[in-house]
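Q: Full structure from sequences and hints, please.
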Amino acid sequence: MKIAVWLGRRLIAIVLQLLIISFLTFSLLFLMPGSPEQILIGPNPATAEQLESIRERYGLNEPFLAQYADWLGAAVHLDFGTSIANGEEVSSLLIERSGVTVSLAIYAIVLLLLLAVPLGLVAGARAGGTADRVISAVTTMLVSAPAFATGLLLLYVFGVVLRWFPIFGFGSGFTDVVWHLTLPAATLAIAVIALIVRQTRAVAATIVRSDYVLFGRARGVAPWTIWTRYLLRGSSMPLVTSMGLVLGFFLTGTVVVERLFSIPGLGSLLINAVSTKDLPVVQGATILVSFFVLLANLLADASHLAVDPRVRKAVLA
Amino acid sequence: MKQTRRSRMLCAAAAALVLAAGCSSRPATEEPVDAGGSGVPLFVPAGAGSDEQIDLVTWGILGGVPSVDPARSTAVSALAVIATILEPLVKVNGRGELEPSLAESYEQVDPTTIDITIRGDVTFWDGSPLTAEDAAYSIERMAGPGSVNAGLFGAFESAEVTGDRTLRITLKEPSRDFLYVLCRAVVVQKAFTEAAGEGFGSSAGGVMGTGAYRLDSYSPETGATLVRYDGYWGEAPSAETFEIKVFNDAQALRLALQTGEIDGANMPPLTIPPAEADSWAGPDVTVAFSQGTGTWYLAMDTQQPPFDDLHVRRALASIVDREGIIQVTDGEYGDPMTALTLPPLWTGFVDDPAEIDAILAGLSPLPPYDLDAAAEELAQSAYPDGFSTTVVVPHEANPNMTTVMEVISEAGREVGIDIEVKRVSLAEWSATGTPGQNPPLSLSGQSPTAATPLGSVLQLLRPSPSRWTNYNTPSIDEAIDRYQVAESNDEIIAAAEDVLNELNEQLPLIPIKVNHIGFAYRNEFVVAEDVGQWTIPGSNNWAAAIKPAAG
Amino acid sequence: MASGNGRPGADLLSVEGLRVTGHDGAALVDDVTFSIRPGETVALVGESGSGKSLTAKAIAGLLPRNLTASGSIRWRETEVVGARERVLRTLRGPQVSMLLQDPFTLLNPLTPVWRTLAETLPGRGAELRLLISERISDVGIEPARARDRYPWELSGGMRQRIGLAAALSQSPALLLADEPTTALDATTQRDVLRLIHRLQRGHGMAMLLITHDLRIATSMSDRVVVMAKGGIVESGDVDDLRSGGRQEYTRRLWAAQLPVDRRLADLRVEARLDGAGAAPVPDAATGGAGAGTTPILVVRELSKSFAARGHGEGVQALDRVGLELARGRSLGVIGESGSGKTTLARCILGLEQPTSGTVELTPGIARRQVQCVFQDPYSSLNPSHSIGFALAEAVRHRAGAPLSRREVAAEIAATLHSVGLDASFARRRPETLSGGQRQRVAIARALLLRPEILVCDEPVAALDLTVQSQVLQVLRDAQAGGLSMVFITHDMSVARQLTDEVIVLHKGRIVETGPTASVLDDPQHEYTARLLASVPSGDREWIAGPPLQRTGAMTDG
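Residue numbers (the numbering used here), protein chains in the order written: chain A, 1 to 317; chain B, 1 to 551; chain C, 1 to 557.
Fair warning: there could be bad hints in the mix.
To be verified - Just so you have them, the derived chain B footprint on chain A, three or more residues with Cβ under 8 Å:
(1) 82 to 93
(2) 145 to 157
(3) 160 to 166
(4) 203 to 214
(5) 262 to 270
(6) 275 to 288
Said to hold, decoys possible - Selected chain C positions facing chain A (in silico; Cβ < 10 Å):
(7) A60
(8) V87
(9) R89
(10) T90
(11) L100
(12) N108
(13) L110
(14) E119
(15) R145
(16) E153
(17) G163
(18) V298
To be clear, the hints were calculated from the coordinates, so they are not data collected in a lab.
Every residue, glycine too, gets a C-beta built ideally from N, C-alpha and C.
A: Here it is in structure tokens:
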């Protein structure tokens, strides 16, 4: 019951945030120099009649607020209009792209968890030791390489030389998608691995030195329990918060990876739409991406609730 | 999809394949034709293909396919897909010659009237026959105000159906280029197009055409799957399925080609540093370069100070270091221009490449790169102490433009010409040149409208909202009129020479350079047609020309 | 029973020549030898830094990674020094277990009580549930009240009991109890010690009890090992210790114990050792010059409640508390944790806004003339500045007008001297000081501000006994100099030595008030009596008998 109230409040907040974001995006795009019809015509010579016809078709001659009201009125019915650039339904564009982006982001998160958390735990548990120093050095090196370079290297080594993974595209069917997305997901994961390793390491190092771990060992608690219930679970609390942020980054900051691996994701859709001032697409994609990011944060908070009984008590009391 | 200057330049790249002549009866030439003294052939001759049937060819293109509606598409990547599935009435072959395509014949009745008879054996993919109604509709639609190509069809008046298989096109004014422009009016089925409405050409709406391949599925960001149309009127292509894969990164495209994940690629030399162009070739991959027709030039508004002063324009022309620019931006994959025309534009009018070279060499020379001369010109102008101006460049979209402009700006500083190179967003850049915002000086790249001697230049002199030169004189108008109605090649050449000479003397436009274009394919394949550089995208089914290598 | 498989009379634990060294090779524990027989209780007594905790950790095989043990530690036949973790792991729990000092950090905060216990208990399902309830019940807690709770929902005393249940879950032959009750309130301490004692009897378990408190050692143990600076000072029968010990060091430890039944003339250990200081004096004798009945501080009807987070009930920290502090006198506020004594101090200092009631200072006394000394000497000094810097800041702040460097230095030197520190301390940094030294610096800083009233909140609770005495004497001297003092403490012995009057706070209310001597000698309220009874006497009887109360409430301790 209380969880429902909490969730309800959070969802209302998300809706309000989306409303504000949509208005800001709309305003910024409106103020941005350039006009979509001009971009649409591209290199060809343009006629005044032609420009007017396109403006008329997309309601670009209306005043700003009327345009926004039109957009909002349709958007609440989940109708995001059609792309000025190609007449595609924005909603179908978004569905197509978000499937790719969300799969990629989730895969990258899974890789990140599988790689960074154990490494961070080991480094933290053996703080100051050889393993710790090697892990810290390697992850720091990885994070300082730009995603483009990492991606290209992975692509070259695993795609071209070893030919273990395909080097472009998205694939169809679960295993094929996983196979296609492995290198891009690894590229994304590597970009933030040091952050998560460091964070896990810091928390794990504190926990390892804590009284309750010492007490646990002293009274004969099995090592596996110490590693999982004490170290892993204890480290996971700050981790879920950063995971929310990382997931947000994975949903929006993937343009480089999308380009490199020719994956049709939301990032490149948004960038392209902004550069061509394709207003319906920018609006739709911004709303969707913002929604994902806000949802990721909600998920992080919810996991925080699930993991930490103290937070649970504080929030739900 | 970004409509970048770069993509304009890339039109040339697509055209290389687009214009492979589908059913030319001419035998392939053994020797590549060289012209322009650059050592790069005018076109790449056909390879020896086998008639073996294969299941699948996978081809990579750079850049997404926002739409397959020809009236919506200017991006080279989109045009490359459109060209594989939709056909025009008239097309340009690999050598730059007009040929009938869906037209059985065409006749220029007088300078403003063209009669066309369409073939009787053509069906759309749904089996229904091609009608004159469909053809007229397609042309009107392409030239109408809703089309992004409307500006190209400025001379077009109307297309009337005159019989079951005949139509008549009427022009507002004589146009030498019109038949070449008509190559862009690929034919779509009227009933299907009207029914699809706004969704026509989208991934959901699709298109209905007559090409050797029909569109099976397509997505703006991943590419298209094309399946052989068995009812095709012409020669059936080799591959049952032709996959076009979209890449957004040149390196990824190259790696995919080298690993064999794709069989070939339209190679865009402009998107990779010159030093890397060679890395495309390998033991399994053939790279073929030919001369391009995408021109880079400076345009000035000749009615705005300081560029209303010929001395200023001459001074500016003298600070353009073409060799230096090419060295930085293209390496060995570019050539300097001597006038706003290129050898490949002349091949339909002059048989001997050596003669083309001679004609171009005989034009009034452009002021050479010479800072002293620039200083002298400036001293004679109304601005002896120099002047300042600004050029905007869409840096993110095309960093090469920034480079070119900065080389020029650097030289200008030596003589007192202060050119600020201002980096702006693509959208902002596109907004310049609209009515009331004509920039005094701009850098542009443009593909020719037609494979004619003045194909690159006429669109720049025609009044339009994006007109940048404001240049018109009675003498050049007279020469252009003469060019449009001329009946013999000699008259055409003479009129073109007059126009180009005046431009080189009065300098409303300063030509800079042209890029080579290339394509790359795995050695298991050949392109079994002559591949020319014609820059009229969307005129032919280039995919059909890709065949398994013989032997 | 786990202890049944050893030969009768054979040592359960034998430590021989144990040496613990750090990275730099310095010995933190050196040449420690003792043994424990089955069922026996040995107390390891020492002040902080004596190496007693490290000895316990070495015995458990749980030294921090950067320390190494040498010599020999045997659990029955198993050699611990140099043993593989895999071997020790299986023996911890059934053979040797350990209980740590701080109940607040002892238990995994993410794990409810039942799961903590389940971690080392056999069985599953209903059987396990029954066993868990039994074990919770064994430590004197109603199972239903604790089983599904998280550690942070329990009081310190309950946590320590749960910790005890967890430590004993596999019926170890030997329990290493490292200061198990030091962090608890006095009444809770006695309950928990009685519980440990009873369970130990019940299990026939041997125990190594590590404590700084001689009276607890003598109450609980059969034999005593006294440690100082990493080595053994003396070891022997508990009766030897009870009679004062053979070594000078041990006698000093005894001397440092403050009596609750009389006021000492001089609190310093040296003075008490030579007899003069140990003489009792009348309780009112310490009143300084100008001491009288004129109130300098009056608190009336002071109430303070804290709104709870979320929708829980608020907490009534203070409920209509009134007090008067006369000039030059020392008023004691006695209470356990949760009694509201710290809230009272903060209200007096103006750090907390009371919900109702007033805190009035006699006209002419400014707020900044009310200074304070807090419990934690580690957090009250900025680590990046020298002691002299911090003190000079206080002098300049007080003076208002610019003072010469020489004047400031002279005043600092004088004040440092008055708190028993050399003038050279001004050049040192906080991290080079011991806890007692820091607390004296904190007092010096407060004194430099020339306060009229000094509010001390448990100023010696974190210090070793010998150090406590020195610091308390400094405060007593300051009071003799005319300073009025509000002295907050949970320790009845400390209150006896420092205060003229006391009020006893319990759950935010004053339950008893009066002159210190009469309240402590003849308590009227049951709570005051219980507090007095919980002061360790050093006798066996103190620990015998059942716990005074069965703990079920959430807020005990």
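Q: Each of the hints needs a verdict: does it hold here or not?
A: Structure-based check of each hint:
1. Here the region 82 to 93 of chain A counts 9 residues with a CB under 8 Å from a CB of chain B, which clears the bar of 3, and the coverage holds.
2. Residues of the region 145 to 157 of chain A with a Cβ under 8 Å from some Cβ of chain B number 3, which satisfies the need for three, so the listed coverage holds.
3. Closer than 8 Å: that is the beta-carbon criterion, and the region 160 to 166 of chain A has 3 residues meeting it against chain B, so the requirement of 3 holds.
4. Here's how the region 203 to 214 of chain A fares: 0 of its residues keep a CB closer than 8 Å to some CB of chain B, so the rule of at least three is not met and the hint is violated.
5. Residues of the region 262 to 270 of chain A lying with their CB closer than 8 Å to a CB of chain B number 4, which satisfies the three-residue condition for coverage.
6. With 3 residues carrying a beta carbon less than 8 Å from a beta carbon of chain B, the region 275 to 288 of chain A meets the three-residue requirement, and the given coverage holds.
7. Restraint check, A60 of chain C versus chain A: the minimum CB separation of about 5 Å is within 10 Å; hint holds.
8. For the restraint placing V87 of chain C at the interface with chain A, the shortest Cβ-Cβ distance is roughly 13 Å, beyond the 10 Å limit, so the hint is violated.
9. A cut of 10 Å between beta carbons decides the hint on R89 of chain C: the least distance to chain A is about 7 Å, and the hint holds.
10. Checking T90 of chain C against chain A: minimum C-beta separation of about 8 Å stays under 10 Å; hint holds.
11. Satisfaction of the interface hint for L100 of chain C is found here, the shortest Cβ-Cβ separation to chain A being roughly 5 Å, below the 10 Å cut-off.
12. The restraint placing N108 of chain C at the interface with chain A holds, with a minimum CB-CB distance near 5 Å, inside the 10 Å limit.
13. Given the 10 Å rule on beta carbons, the hint for L110 of chain C holds: about 5 Å separates it from the nearest Cβ of chain A.
14. Proximity of E119 of chain C to chain A holds as hinted, the smallest CB-CB distance being about 5 Å (cut-off 10 Å).
15. For R145 of chain C, the interface hint is violated, the least distance from its beta-carbon to any beta-carbon of chain A being 16 Å, above 10 Å.
16. A distance limit of 10 Å between C-beta atoms decides the matter here; for E153 of chain C the minimum to chain A is near 8 Å, and the interface restraint holds.
17. The criterion of a C-beta within 10 Å of any C-beta in chain A is met by G163 of chain C, whose closest approach is roughly 7 Å, and the hint holds.
18. Interface hint status for V298 of chain C: violated, as the beta-carbon distance to the closest one in chain A is roughly 38 Å, over 10 Å.
Going through the hint list in order, the structure does not satisfy hints 4, 8, 15 and 18.
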